[in-house]
Amino acid sequence: MPATQGPERTMTGPGRLFCFGLGYTGRALARALEAEGWRVAGTSREAAGTGLHAFDRARPLDEAGLAALRTATHVLSTVPADGDGDPVLAACGELLARSRAVWIGYLSTTNVYGDLAGGWVDERSPPAPAGERGRRRLATETAWRQLHAEHGRPVHVFRLTGIYGPGRNQLEALRQGRARRIDKPGQVFSRIHLDDIVAVLRASMARPHPGRVYNLADDRPAAPAEVVAYASILLGVEPPPLEDFETAEMSAMARSFYDDNKRVANARIKAELGVRLRYPSYREGLAALLEAG
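Going by our numbering, the letters in the sequence shown line up with residues 1 to 293, in that order.
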């Protein structure tokens, strides 16, 4: 079956979403859609509640979960790859290849671009992941996109930058005494507020571009220490002391986040999907989170 080309309109009215991995981002999307009358089902490692189905590599979907997936009009996967590849595609790839869903999304990360020494990347930039996590993500992206290329499924890949939002932000880190200001000269990160992620996904559902890749980032890449300092100002507290990256005590995992240094461009979500970011920088995002309490 040939791959579908170009944008096409999807169904009108409430649909049925099946989300592999109803975690922080998946639940936020589910809440927004349920408020509009959508029916949502999905997976979690510890299923509890209506529409939730246990799933991981050792526990495939049960019959009720498979039935919900078969009838879904929209499918999203937030599940990362493991050392053996993508558990979703391993368990449900054949079913997804025959799916009648009008939209399928996979959440990836901008780790796939690798290190650009602070330079800008957009969706046309060639991926060059440096670490194992980035290589896994790129391999998984490729596998999902093959559903489009080989089976004509309406797959979209979303490369996310650092996610923040309610309960997961530098204001909370400061309140809990976990915030640190790590100083690595020239280092910048791009970020995206949870609400803006949901807005992009909904915009894509409303106007699919099968086979497309989108960067999800705000307009202002910034050094991590800058964000902590601004959060301190909002809270009226002294910021944590600056710590030199080279000598700071950090886990190998935490230190690995500083391996990639780049600025992520977001023009495509604006031009193709008509997205207007609610929080164009961490400043607006943190201020709104503080106001919300």
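What the hints contain is simulated information worked out from the structure, not anything from laboratory work. It cannot be assumed that every hint is accurate.
[To be verified] The calculated EDC-like cross-link candidates involving lysine to aspartate or glutamate, where the alpha carbons are at most 20 Å apart (straight line), are:
hint, residue 1, residue 2
1, K184, E246
2, K184, D122
3, K270, D219
4, K270, E226
5, K184, E123
6, K270, E172
7, K270, D259
8, K270, E123
9, K270, D183
10, K184, D244
11, K270, E132
12, K184, E284
Note that this is a predicted model, so its numbers are computed, not measured.
Evaluated hints:
1. In summary, the hint linking K184 to E246 is supported, as the alpha carbons are separated by about 8 Å, within the 20 Å threshold.
2. Distance restraint check for K184 and D122: the Cα-Cα separation of roughly 24 Å exceeds the 20 Å cut-off, and the hinted pair is therefore not satisfied.
3. At roughly 11 Å between alpha-carbon atoms, K270 and D219 fall within 20 Å of each other, so this suggested pair holds.
4. The suggested pairing of K270 with E226 is violated, with an alpha-carbon distance near 26 Å, which exceeds 20 Å.
5. Between the alpha carbons of K184 and E123 the distance comes to roughly 26 Å, so the proposed pair goes past 20 Å and is violated.
6. Pair hint K270 plus E172 does not hold up; C-alpha atoms about 30 Å apart against a cutoff of 20 Å.
7. The suggested pairing of K270 with D259 is violated, with an alpha-carbon distance near 28 Å, which exceeds 20 Å.
8. For the hint linking K270 to E123, the alpha-carbon distance of about 13 Å falls within 20 Å, and the restraint holds.
9. Of the supplied pair hints, the one linking K270 and D183 is violated, its CA atoms being roughly 32 Å apart against a limit of 20 Å.
10. For a cut-off of 20 Å, the pair hint linking K184 to D244 stands: about 7 Å separates their Cα positions.
11. Taking the CA atoms of K270 and E132, the gap is near 31 Å; set against the 20 Å cutoff, the hint is violated.
12. In summary, the hint linking K184 to E284 is not supported, as the alpha carbons are separated by about 24 Å, beyond the 20 Å threshold.
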